[in-house]
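A.B. asks: Sequence:
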Amino acid sequence: MLVALLLMTSAAGLDLPALKQRGTLKVLVFGEDEDILPRAGSPKARDRELLAELCEREGLKLEVIAEPGFDRLFTRLLSGEADVLAHGLTITDERKAKVAFTLPVATVNQVLVGRRGAKGLPRKPRELKGREVTVHDGSAYAQTLSALGARVVAADERLDSEGVVYEVGRGKIGLTVTDSNLFVSIASYNRDVEALFTVAEGKELAWAVRPDAVKLKGALDAFLVEKALTAHSDHPSVGDLDAIKKRGALRLITWNDPISYFSHQGQLFGFDLELARMIAARLKVRLEVVVPPERELLVPWLLEGRGDLVAACLHPVQGLKGVAFSAPYLFTDEVRLGKAAPAEHRPDLTDDVELTQEGKAKVVDRILIDTLPDAPRDFTVTVKDRPIVFAVRAGSKKLLEAVDGFVGATYRGLEYNLLRKRYFEQNAAIAGARAAESGQTGTLSEFDALFRTHASRTGLDWRLVAAQCFQESRFDPAARSWAGALGLFQLMPTTALELGCSRREDPAENVRAGTDYVARLLAKLDPRIELKHRLRFALAAYNAGPTHVEDARRLAAERGLDPMKWFGHVEKAMLLLEKPQFYRRTRAGYCRGSEPVKYVSEIQSRYDGYVKLVQ
0 MLVALLLMTS
10 AAGLDLPALK
20 QRGTLKVLVF
30 GEDEDILPRA
40 GSPKARDREL
50 LAELCEREGL
60 KLEVIAEPGF
70 DRLFTRLLSG
80 EADVLAHGLT
90 ITDERKAKVA
100 FTLPVATVNQ
110 VLVGRRGAKG
120 LPRKPRELKG
130 REVTVHDGSA
140 YAQTLSALGA
150 RVVAADERLD
160 SEGVVYEVGR
170 GKIGLTVTDS
180 NLFVSIASYN
190 RDVEALFTVA
200 EGKELAWAVR
210 PDAVKLKGAL
220 DAFLVEKALT
230 AHSDHPSVGD
240 LDAIKKRGAL
250 RLITWNDPIS
260 YFSHQGQLFG
270 FDLELARMIA
280 ARLKVRLEVV
290 VPPERELLVP
300 WLLEGRGDLV
310 AACLHPVQGL
320 KGVAFSAPYL
330 FTDEVRLGKA
340 APAEHRPDLT
350 DDVELTQEGK
360 AKVVDRILID
370 TLPDAPRDFT
380 VTVKDRPIVF
390 AVRAGSKKLL
400 EAVDGFVGAT
410 YRGLEYNLLR
420 KRYFEQNAAI
430 AGARAAESGQ
440 TGTLSEFDAL
450 FRTHASRTGL
460 DWRLVAAQCF
470 QESRFDPAAR
480 SWAGALGLFQ
490 LMPTTALELG
500 CSRREDPAEN
510 VRAGTDYVAR
520 LLAKLDPRIE
530 LKHRLRFALA
540 AYNAGPTHVE
550 DARRLAAERG
560 LDPMKWFGHV
570 EKAMLLLEKP
580 QFYRRTRAGY
590 CRGSEPVKYV
600 SEIQSRYDGY
610 VKLVQ
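Going by numbering that gives the first Met the number 0, the sequence shown opens with residue 0, and the numbers climb by one from there.
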């Protein structure tokens, strides 16, 4: 039966290039037609939002197909009636033999659910033996319950998991099992049910595609990696300096232009970016970069809590509600281009220059013109020495004090003057970087094609592969470390041998082996770890070895930190592996823990930048 289905798939199924020609992505979901628009905040709605965003990027129209019969989901996918099965299915070996799963969209526990206040409800796994529990036939829940000795009753195929839980609340069904994420969503509006206990932990939920839809799976995996590793920008926070230090990150809101923030050959540049890095280092936190889609959103995003600090050649504005400005860190003349009357000027945000030989009559900053070699030179100064400042929320008084302290200690000092000279005086390297900026060219390096190929093959985002490669070798295939590591991914001889890489100096072999190794490390990690942390653990293991990472996880648990999270938790324990009182009682012993901590942090920051600048 499976062979027949797969043969039918090859005839009827489409991969991503063909889907783009057709113009639609057909997404199969479990439920009735009324489930096409799921309740906001539910896992089903989250899946729909993610797929809608992916479709927008790929130029596709999202077409949702509702299937009320759970047992028909796989049949309809494999027959080519749909392209993605987006039900959040539990990954099992039996299902992996039929379909290709994406990276997990969530890691959940399976919880037993009963009617709140009902008598005689089981409270321990052993009390399930012989009890009737209603779940869908063929579901992963049914497998779990059978292993615990429960009597599995097949749920009505017309009900989805949420519908079965609803029937439990009405008293029509005694017990059921659902995933912890879905139960949290249900419990927000349904007080008639309660979670009794966990029957299984660390179950991965994923979308499914046909086995031959290789490019579609690659695009879905890369998208999920991006959403996992950049999720910090999706959670607004309006806290002051204490909240920033607790988070461990200062969120910079900036703009992609030749002064503030740009990329070339994998390296991130920008006068404002480098000053923000210095502030973050002074605060002993990492820097996260947030770039809004329009320049006019810099201040609104700050007020919404999407970032903590604006640095984007911003001028102070009197009476701007909710915003506080720092002491000036730069001054520039305001000039008028051309001979016509100046356009209306918004004093709170510096305008971008639209550079044509004819030009517009347009009021701009002199420093922006000076960075662009093709800018017209027929301008007149309208305001001299306009201040450029950082902006924070008015309530962030401690952060503002810290930023002002930084400006006072740094302005016109040696480090500042070198930075200013680098960006605003004749500098061939910076000029070349501006001319070939990644945001305009869409490229990070000459090896992008290799990164794309092997990222797609191993379920990674090519920009993450590029960010790690830059950290390893700065895109130099001849790079060699003191320890004997060689090539773009700095492979050691023994590791290369294990991965079948006979020519470490060959870029194609090196990138293939390096991505294979990351994928291998990722696959070996505890599936209960959320994807974003699992990716960071895999990077740390690439740098320091998986045994040292496991030692750090154990130390983290001992010290009350979360062994399932990297930033602010296991990274702190990693540093302890440099101290004898800790490393002497670990399996792998001493580790220069500061190296993987820096390694992961810099790759994360660089990847954030690549995502903002290159699609």
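Simulated from the structure, these hints should not be mistaken for laboratory data. Computed from a predicted structure; not experimentally measured. Among the hints, a few may not be true.
[Said to hold, decoys possible] Quick list of in silico lysine-lysine cross-link-like pairs, PhoX-like style, CA-CA up to 25 Å: (1) Lys320 with Lys397; (2) Lys244 with Lys597; (3) Lys19 with Lys244; (4) Lys283 with Lys531; (5) Lys245 with Lys226.
A.B. asks: Give a verdict on every hint.
C.D. replies: Going down the list of hints, with the structure as the test:
1. Lys320 with Lys397: holds (18 Å)
2. Lys244 with Lys597: holds (17 Å)
3. Lys19 with Lys244: With Cα atoms ~45 Å apart, Lys19 and Lys244 exceed 25 Å; violated.
4. Lys283 with Lys531: holds (22 Å)
5. Lys245 with Lys226: holds (22 Å)
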